[in-house]
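Asks: These are the residues of each chain, in order.
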Amino acid sequence: MEKIGLYLGCNIPLKAPDIEQSFRQVFPALGIEPVDLQGASCCPAWGTAPSFDLNTWCVLSCRNIALAEDRGVDIMTGCNSCFGILSEAKHFMKDRDRRKAVNAQLATINRRFKGTSDIYHVAHVLHRKVGADKIRESLKYSLEGLKIAVQTGCHALWPTDVYKVSETNPYHPAILRELCEATGATVPHYSRLEGCCGMGGMRSTDPEKALKLLREKLLSIKEETQADMIVTTCSSCFLQFDMSQPILKERGLIDFDPIPTFYYTQVLALAMGFDPSQVAAISQIDRSAVIGEMQSEKRLIKEVA
Amino acid sequence: MIIDQKKIDEAIDTIVAYGGEYIRECVQCGACSAVCPGVRAGFPLLCRNLIRHLLNGQLEEIIEDSSSWGCQACSRCTEVCPQGVRPQEVVFAFRRYQANQLAFSTSSVTSQMNLFETGHAVYVDPKEARKKVGLPETTPTSAFDEQAKQEIQTLINNSPMGQLGLF
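The listed protein sequences derive, respectively, from chains A and B. So for the first sequence, our numbering puts the first residue at 1; every next one is plus one. So for the second sequence, our numbering puts the first residue at 1001; every next one is plus one.
No lab work stands behind these hints: they were computed from the structure. From a predicted model like this one, the values you see are computed outputs, not experimental measurements. Possibly wrong hints are sitting among the right ones.
[As the list claims (entries may be wrong)] Some chain A residues well away from chain B (every beta-carbon gap over 12 Å; in silico):
(1) 96
(2) 147
(3) 254
(4) 293
[Stated by the list, open to error] Some chain A residues close to chain B (C-beta under 7 Å, calculated; not the full set):
(5) 13
(6) 21
(7) 42
(8) 109
(9) 273
(10) 301
Ideal placement from N, C-alpha and C gives every residue a C-beta, glycine not left out.
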């Protein structure tokens, strides 16, 4: 089985471990073995070292990358921010002087960045290494007839020149749509597809401005797709959609019920027949109805041994 | 406004030193601002307008503005810029200038402390939630790894961040 370093970040293992559990169940079933990167830290997040000092950012990122290099594996991250941060840091290491300075710092803790591990996102591994056909073959339930609005999130899209894998047109992303379509679901286009959800630095600096962006995006999703659920491959977008839709509803800024939101591998795990109390157990929005629908008997494709 | 070459040089040199290497290439076309979610949300000093202030030598004058902290680092701007300015890197260079002058919101101090103490910018005790979904209660990350925490603290203490007196 192909091995890949599972870089967890912060939000997934600490706040949304059901997403982590969905990785741990889905990947081995699809022929990929996630390897823990013992002792990995925060990527570091945009609001920390990257906001203070470029080399300190690179030092902390490269320590994480070195953990994968030591095990001879590439990195797979489920969080878009981690994907962006680690990819940018690796890109900065092309500068020889910087590389020297960063490795001098890493030497104080007996580590070294070599540049031998590539950075992938969970969505890339599913799309490129596993592929839609294998996903289709692994399903226990077909999601045919269900409508999904997709949210790729910013840091898997731009800037394309620092990423190992990028979209043909990042302003019209297709990877997540194709992954969702592989479950049998319908994935309609909506006009604010590439729009920002407002999470991240914006939310902590000015929550009202962040909610304004989320509301614009939600109205586009609701009016143009009538989606049964929102599916994302960004853990920050997941948290924003899940915790802020109820706020908008409470304030009367949306006149419909919050749309259940999932991380992609949660939906895939459910369609593969895994236990919702392990892979989709933590959310502000009640998702039980749509989970029940996804795993209803009429959707059974085959008996999985 | 009085244009003062000394102030312009100081502003540009500061931004370049903090990582906004290509600020001089800007022709103020505004492509960056057209795609910026922060500009769309209403932050006044991002992308084209921030660069304009800096190229005019206005650095200290805008140090208290919080727009740069509203930047999502999404890099839509960097993708579209026809001049290769990499505006996101200019915004972050300005943010680093602010941070090193301690001109940032106190709420941001918590994530620096979390990073230093646990290796995670966002930290909540995960044991109960992890147990609930059938995972080991502790993570294989720095939060539960003493050696990893020591490594992170050594790296931060030896960095310019360690000299700000936050930890």
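Asks: Determine for every hint whether it applies to the structure shown.
Replies: The hints, checked one at a time:
1. 96: 15 Å, holds
2. 147: 25 Å, holds
3. 254: 18 Å, holds
4. 293: Holds: least Cβ distance 21 Å, greater than 12 Å.
5. 13: 4 Å, holds
6. 21: With a minimum Cβ separation of about 5 Å from chain B (threshold 7 Å), the hint on residue 21/A holds.
7. 42: 5 Å, holds
8. 109: 4 Å, holds
9. 273: 16 Å, violated
10. 301: 25 Å, violated
Consistency with the previously given hints fails for numbers 9 and 10, ordered from lowest to highest.
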